[in-house]
Amino acid sequence: GGLTHLTANTLNNTGTGRIYGDQLALQTGTLNNSAQDGKAAVIAARDRLDIGTGTLNNSHHAQIYSVGDMRIGGQLDNNLTATGQARELNNHAATIEAGNNLNIQADRINNTNAGLVTQVVETEKSPHHDAVLSGRTTRYDWSQVDTSRHNKHGVHDAIMPDGSRSNNFYEYQYTRTVNETQVKQSDPGKILAGGHITLNSAQVTNHDSQIVAGG
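With my numbering applied, the sequence shown corresponds to residues 1 to 215, in that order.
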């Protein structure tokens, strides 16, 4: 509860590691928030979270969360507010989320997916029997075409539902197959905010992942 203020050259929060506080302020050269033995670490603030760091690595389902605002920058000022530019933020198959506003200032922001796998799936396979008059482009299902009338030579007319007719028409019988690419597996990075998201960066890479603001 209250204020949690941590300073370290390198801060490793791994596995079952939990860093909590009402107001949470972290000053590091490098912050690693990651999984270990199938358990993902959590950094969470009930009110506000400020991180001043050179490099932030958040990976493999680890979470950095604030119920309120979150700021990530290069250092903390005298009020323990994150300011300046971090060098690099890497969010790899993990979550950075603010319930309110999120502000990230980093030279490079990489939000990446641990493994997007797609597959081609057959979604439709259906028989078709169509007809079209010569010189026309509109096809009609054969069940709607009247071919009961013919001339004295036995040549049938095709009478279409719109009233057009001709003895010069084309009949098609075929099977229609539809394939689509679907996501089989995905493990995206997520940068989320219930309010606004502000990214101040020279380079933002969002690869098969999510950056979503609700405000």
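Since the hints were made in silico from the structure, they are not lab data.
Do not take every clue at face value.
Derived SDA-like pairs: lysine to any residue, alpha-carbon spacing no greater than 20 Å straight-line [said to hold, decoys possible]:
#  : residue 1 : residue 2
1  : K125      : V178
2  : K39       : G115
3  : K125      : N179
4  : K190      : N103
5  : K39       : K190
6  : K190      : N57
7  : K39       : H61
8  : K190      : Q63
9  : K190      : N113
10 : K39       : N103
11 : K39       : Q75
12 : K190      : N110
13 : K190      : E88
14 : K190      : K125
15 : K39       : N113
16 : K190      : T205
17 : K190      : A213
18 : K190      : N167
19 : K39       : H60
20 : K190      : D208
21 : K125      : N110
Here are the simulated distance ranges between beta carbons [what the hints assert, rightly or not]:
#  : residue 1 : residue 2 : range
22 : S126      : A44       : 23 to 33 Å
23 : G115      : Q173      : 41 to 51 Å
24 : T30       : T83       : 52 to 62 Å
25 : G214      : S126      : 35 to 45 Å
26 : T123      : A8        : 44 to 54 Å
27 : G214      : E171      : 37 to 47 Å
28 : G163      : H207      : 19 to 29 Å
29 : T83       : Q119      : 16 to 26 Å
30 : T4        : V121      : 15 to 25 Å
31 : S164      : Q119      : 21 to 31 Å
32 : L80       : R18       : 19 to 29 Å
33 : H128      : G163      : 14 to 24 Å
For every residue, glycine included, the Cβ atom is placed at its ideal position computed from N, Cα and C.
(request) Quickly compare the C-alpha distance for K39 and H60 to 20 Å and report which way the hint goes. (result) holds (9 Å)
(request) Return holds or violated for the Cβ distance of T83 and Q119 against the range 16 to 26 Å. (result) Once the Cβ atoms are compared, 46 Å apart, the range 16 to 26 Å for Q119 and T83 is violated.
(message) K190 and Q63 were given as a pair; does the straight-line alpha-carbon distance stay at or below 20 Å?
(response) With Cα atoms ~10 Å apart, K190 and Q63 stay inside 20 Å; holds.
(message) Just to be sure I understand the hint, the distance between the Cβ atoms of G214 and S126 should be within 35 to 45 Å; is that true here?
(response) holds (41 Å)
(request) With a cut-off of 20 Å on the C-alpha distance, tell me whether K39 and N103 pass. (result) With a Cα-Cα distance of about 27 Å, the restraint between K39 and N103 is violated, given a limit of 20 Å.
(request) Note whether the CB distance of G163 and H207 lies within 19 to 29 Å or breaks it. (result) violated (56 Å)
(request) Could you check the hint for me, namely that T30 and T83 are 52 to 62 Å apart, CB to CB? (result) Violated: the Cβ-Cβ distance is about 18 Å, outside 52 to 62 Å.
(request) Given the hint that K190 pairs with N110, test it: the Cα-Cα distance must not exceed 20 Å. (result) Given that 20 Å is the threshold and the Cα spacing comes to 11 Å, the pair holds.
(request) Verify the proposed pairing of K190 with N113, using a straight-line Cα cut of 20 Å. (result) holds (9 Å)
(message) Is 14 to 24 Å respected by the C-beta to C-beta distance linking H128 and G163?
(response) holds (23 Å)
(message) Looking only at beta-carbon atoms, does the pair G214, E171 fall within the given range of 37 to 47 Å?
(response) Given a distance of about 55 Å, which is not inside 37 to 47 Å, the answer is violated.
(request) Mind checking the alpha carbons of K190 and T205 for me, to see if they're no more than 20 Å apart? (result) Distance of about 12 Å is within 20 Å: holds.
Of the numbered hints stated above, those contradicted by the structure are hints 10, 11, 14, 18, 21, 22, 24, 27, 28, 29, 30, 31, listed in ascending order.
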